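Assemble the whole structure, with the sequences as input and the hints as a guide.
The residues making up each chain are set out below.
There are 4 protein chains.
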Amino acid sequence: MIRSVTDLAALDTCDRGSFVAALGGVFENAPWVAEGAFAMRPFATVADLHAAMMRAMATAGEAERLALIRGHPELASKVASAGAMTAESRREQGSLGLDRLSEEELARFERLNAAYRARFGFPFIICVRRHTRDSLLDNFERRLANSPETERAAALQEVGHIARLRLVEAVEGPGKPKTDGRLSTHVLDTASGGPAAGVRVVLTELGASAEGLLKDAITNVDGRTDEPLLAGAPLRIGTYQIAFHIGAYFAAKGIAAASPPFLDVVPVRFASADPEGHYHVPLLASPWSYATYRGS
Amino acid sequence: MIRSVTDLAALDTCDRGSFVAALGGVFENAPWVAEGAFAMRPFATVADLHAAMMRAMATAGEAERLALIRGHPELASKVASAGAMTAESRREQGSLGLDRLSEEELARFERLNAAYRARFGFPFIICVRRHTRDSLLDNFERRLANSPETERAAALQEVGHIARLRLVEAVEGPGKPKTDGRLSTHVLDTASGGPAAGVRVVLTELGASAEGLLKDAITNVDGRTDEPLLAGAPLRIGTYQIAFHIGAYFAAKGIAAASPPFLDVVPVRFASADPEGHYHVPLLASPWSYATYRGS
Amino acid sequence: MIRSVTDLAALDTCDRGSFVAALGGVFENAPWVAEGAFAMRPFATVADLHAAMMRAMATAGEAERLALIRGHPELASKVASAGAMTAESRREQGSLGLDRLSEEELARFERLNAAYRARFGFPFIICVRRHTRDSLLDNFERRLANSPETERAAALQEVGHIARLRLVEAVEGPGKPKTDGRLSTHVLDTASGGPAAGVRVVLTELGASAEGLLKDAITNVDGRTDEPLLAGAPLRIGTYQIAFHIGAYFAAKGIAAASPPFLDVVPVRFASADPEGHYHVPLLASPWSYATYRGS
Amino acid sequence: MIRSVTDLAALDTCDRGSFVAALGGVFENAPWVAEGAFAMRPFATVADLHAAMMRAMATAGEAERLALIRGHPELASKVASAGAMTAESRREQGSLGLDRLSEEELARFERLNAAYRARFGFPFIICVRRHTRDSLLDNFERRLANSPETERAAALQEVGHIARLRLVEAVEGPGKPKTDGRLSTHVLDTASGGPAAGVRVVLTELGASAEGLLKDAITNVDGRTDEPLLAGAPLRIGTYQIAFHIGAYFAAKGIAAASPPFLDVVPVRFASADPEGHYHVPLLASPWSYATYRGS
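Chains as they are written, first to last, in our numbering: chain L, 101 to 396; chain F, 101 to 396; chain C, 101 to 396; chain P, 101 to 396.
Each pair may be met inside one copy or between any two copies, as identical chains are not told apart.
Cut-off 35 Å, straight-line C-alpha distance, at most; resulting in silico cross-link-like pairs (DSBU-like, lysine-lysine):
| # | residue 1 | residue 2 |
| --- | --- | --- |
| 1 | Lys353 | Lys276 |
| 2 | Lys276 | Lys315 |
| 3 | Lys278 | Lys353 |
If you're looking for bench data, these hints aren't it; they were derived computationally from the structure.
Please read these numbers as outputs of a predicted model, since none were measured by experiment.
Written out as structure tokens, the structure reads:
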């Protein structure tokens with residue numbers, strides 16, 4: 101399937117058929133949500149369009165909403181290969197490597213899927229692009245303990261997150277809702293009172309079983325990386341580590357420390373909880389001390 | 101073999117045979133060092149006795165010192181099983197697991213041993229109790245690049261370190277030279293302005309291939325561990341990591357942070373370079389920031 | 101008047117007359133409190149004795165407690181010179197310089213005294229040794245807004261603080277209640293990774309109108325002052341400033357900073373709120389950065 | 101006198117008379133410097149023009165340079181009122197209040213002026229717009245100890261600073277040399293992990309005898325002040341203090357601290373040494389701890 105991008109202005113004036121054709125896939129297997137939103141035109145912003153679709157979903161009957169939930173594929177399901185999954189779902193799940201799981205991981209997902217379906221009668225829905233694999237599994241296990249009412253609300257909230265991301269990609273126009281986060285850093289040399297240039301900075305995602313390299317950069321003359329460590333997409337909820345190679349930096353400056361140096365590679369480990377937020381994680385370091393914090 | 105401890109006062113008055121019998125093993129296979137020190141009696145302190153033995157070694161002929169060096173066993177040598185190693189050497193090398201190396205590690209040691217012996221004509225000597233396995237290998241490779249003169253001096257310096265440790269164990273008396281180091285920590289809660297009690301603190305040694313657990317403790321009401329993290333022995337030169345479990349601490353205090361918390365397990369990684377020194381590595385932490393430094 | 105110190109053991113066995121003679125002054129002009137405590141003998145600790153006297157006061161009639169409150173002198177009153185004040189009160193008020201006020205300050209106190217007496221019908225009572233002059237005035241003004249019930253309770257609480265201090269001085273014995281606080285500091289040099297020795301540290305009390313020098317010390321090899329900055333008495337509630345002369349310290353170490361240095365005299369300003377507590381206020385400093393916190 | 105601003109392009113094409121008329125005042129009472137630069141036209145940037153004038157000064161004879169130095173007025177001289185000072189000098193000295201000195205200060209300046217003239221035979225020259233009054237006096241006293249050669253070089257360096265500032269005001273065009281500095285701040289709340297909005301920030305200049313208020317601002321939602329604390333002019337070499345009112349901030353957030361709060365008004369005192377530099381002096385604060393540093 102070819103994904104096409106539509107202009108918001110065109111959506112405000114086109115006929116019902118074109119409108120639903122353009123937006124019918126934003127809510128998984130539920131073109132009736134787009135149909136409901138059609139009556140609320142025009143939309144000044146993409147965010148307004150998203151809000152209208154959410155309203156259409158919220159004001160539908162209980163049975164329709166449940167059908168919407170049931171229309172979603174299971175995570176990491178073998179059904180995927182059978183073709184029942186929409187192209188959007190396939191792409192989203194692939195972003196996390198859910199289509200390339202080991203046998204063991206697949207078994208874990210299937211156990212969770214089975215337990216979840218047995219308990220709630222519908223598939224587990226989560227906006228995978230807002231989570232690391234570890235965070236996704238944590239949420240999966242945690243939500244298994246929810247009451248059915250709470251869990252239906254949680255599922256619909258995730259449907260909203262998924263729709264927002266799809267809409268931002270499918271529609272061009274003013275006032276797009278925020279869907280991307282950002283991670284940045286800054287290294288200050290507190291021994292010489294200025295930015296630390298030339299410091300290697302390595303970002304990894306920390307998972308239960310392994311680390312995944314996300315970025316390997318060098319600080320510039322301002323002590324920053326030329327580009328944010330992460331940007332342009334949701335900042336996946338999960339645990340990260342930045343390794344600051346300050347031992348090599350101070351050695352190159354000829355600052356005599358101990359041998360081996362007290363501080364060499366400084367790991368800063370933190371979790372993001374807000375995929376649309378900005379996480380600034382700086383390091384203030386001398387050869388013998390450092391501080392870090394969530395900055396802005 | 102039963103190790104016996106002698107009193108310094110007894111050494112000051114006994115006959116030459118007993119003196120050498122008691123101290124002959126302090127310098128590996130070189131009772132003549134003890135003989136040389138015999139003439140310098142009496143000794144007010146154990147440190148004086150050590151200094152006298154070092155003087156006896158320093159004033160001997162070049163050939164004797166070289167023979168002393170040659171009298172040492174190779175590190176991790178297969179010769180060890182053949183029984184040529186003294187009991188002291190066997191025990192010291194065992195402290196680092198050098199008698200339980202994998203085939204691969206053994207091969208690496210044998211390569212280094214061969215290269216070293218080819219270059220210098222004597223075995224590599226290092227006071228293993230002052231090093232982690234990684235630090236030992238780093239030193240081995242670094243010292244291969246030394247000139248023969250520099251390396252002979254380095255070897256004799258290590259002989260002195262070894263002798264000091266053996267002497268402190270073999271002789272009771274006043275004025276023992278310092279042979280032990282110390283590692284301590286302290287956790288301050290900067291959000292509530294007091295010591296952080298109940299924080300799990302896990303110390304590991306970091307090596308090229310693995311982590312070794314050294315201590316798993318909980319901070320007391322003063323934010324300290326009841327005992328130092330390390331004490332009573334040389335603080336091995338090498339790389340360590342303290343993992344401070346502050347996420348659980350703040351959660352238990354009901355301080356609302358994000359979910360997942362921005363900071364959970366805070367790793368502080370550092371190297372010690374002074375086996376007889378005191379390393380105090382505190383953590384000042386709020387749910388959103390922390391600082392650490394070499395304190396005192 | 102000569103103050104005499106009595107032994108707790110003696111108080112446990114002496115006759116009623118001696119008991120009251122020894123302790124009658126602990127509650128201002130109210131020997132009946134000592135009489136009430138006499139019946140509760142023996143006392144294992146001085147703290148028990150204090151608790152017994154507080155109980156005697158608490159279980160007396162409302163009228164007696166009010167009379168007790170009324171028996172206290174006004175703060176900074178001209179009546180003082182007329183001789184109606186007990187020796188204890190005179191000494192306590194003198195510790196804050198309340199007997200050496202300027203005309204203007206005296207006028208302020210008299211205004212507050214008058215307003216307070218008009219509102220509550222009894223004199224303002226506060227344990228002056230637990231406050232700086234500024235803190236005392238702040239409390240005076242704040243408590244003017246209390247309801248009569250709240251204020252009577254506040255007055256009796258202060259009577260208890262006063263009695264505890266008097267008791268600790270009048271009676272020798274085990275288990276004295278804590279009446280002294282402590283202020284200490286520590287200077288760490290984060291540029292060289294060790295304690296900062298030879299740093300001048302000047303402690304002042306900050307008041308509305310002036311600074312009062314309390315201590316002028318130099319850090320020792322551990323980066324601490326040989327004695328605590330304050331100890332052996334209640335740490336008066338109030339505002340303090342420690343001026344750390346780190347510019348001279350780094351200049352003496354030959355660490356090239358800017359000219360003039362970015363940091364020279366670093367003022368750390370803080371308030372104590374717990375006269376019996378320990379305030380540890382360290383400084384972690386490089387030539388370009390510093391941190392401070394309430395430590396332990 | 102009306103100050104007129106000339107365009108750099110016009111200076112590149114005008115006749116010698118107009119050129120000297122426009123720039124003759126840039127070097128005090130020394131139009132020959134402008135004449136010397138005339139031959140080096142054209143100038144691509146204002147910085148090039150400044151460099152050309154400096155070259156004209158440097159390649160003149162020793163006697164001419166000495167005359168140039170002698171053509172400057174004394175600082176804070178009574179001669180000022182007699183009209184011998186140029187309008188530029190009058191304005192520059194006035195910026196520091198040198199025309200409004202007390203009798204005592206005037207006496208101090210006259211003592212220094214006399215000692216300086218006796219030692220060097222020419223007036224003390226300093227670019228007053230790059231100094232606070234205290235820094236100016238410090239430099240005056242320090243430079244009195246220079247050798248005559250060192251001091252002549254120092255005087256000419258100051259002449260260059262003065263000329264650069266005058267040139268930047270007198271000539272419009274590309275490539276102006278940097279003459280302005282900047283002071284900025286940022287307040288981070290480490291207890292809640294975000295910028296601290298609504299914090300009062302008061303900047304003062306600290307002098308030997310008094311404080312001068314420079315700015316009284318409130319941090320915005322980013323924890324910054326809407327405008328830099330200082331900008332658009334040289335950042336005078338001297339000592340400053342920023343008072344951060346964090347006690348009120350945390351109280352407004354309802355964060356329970358002690359009463360009185362441990363930290364209320366946090367003073368951060370520092371010196372600037374680089375008038376064309378950027379000083380970023382942030383505060384990271386919780387109710388119980390803070391850190392500051394020269395950032396970027």
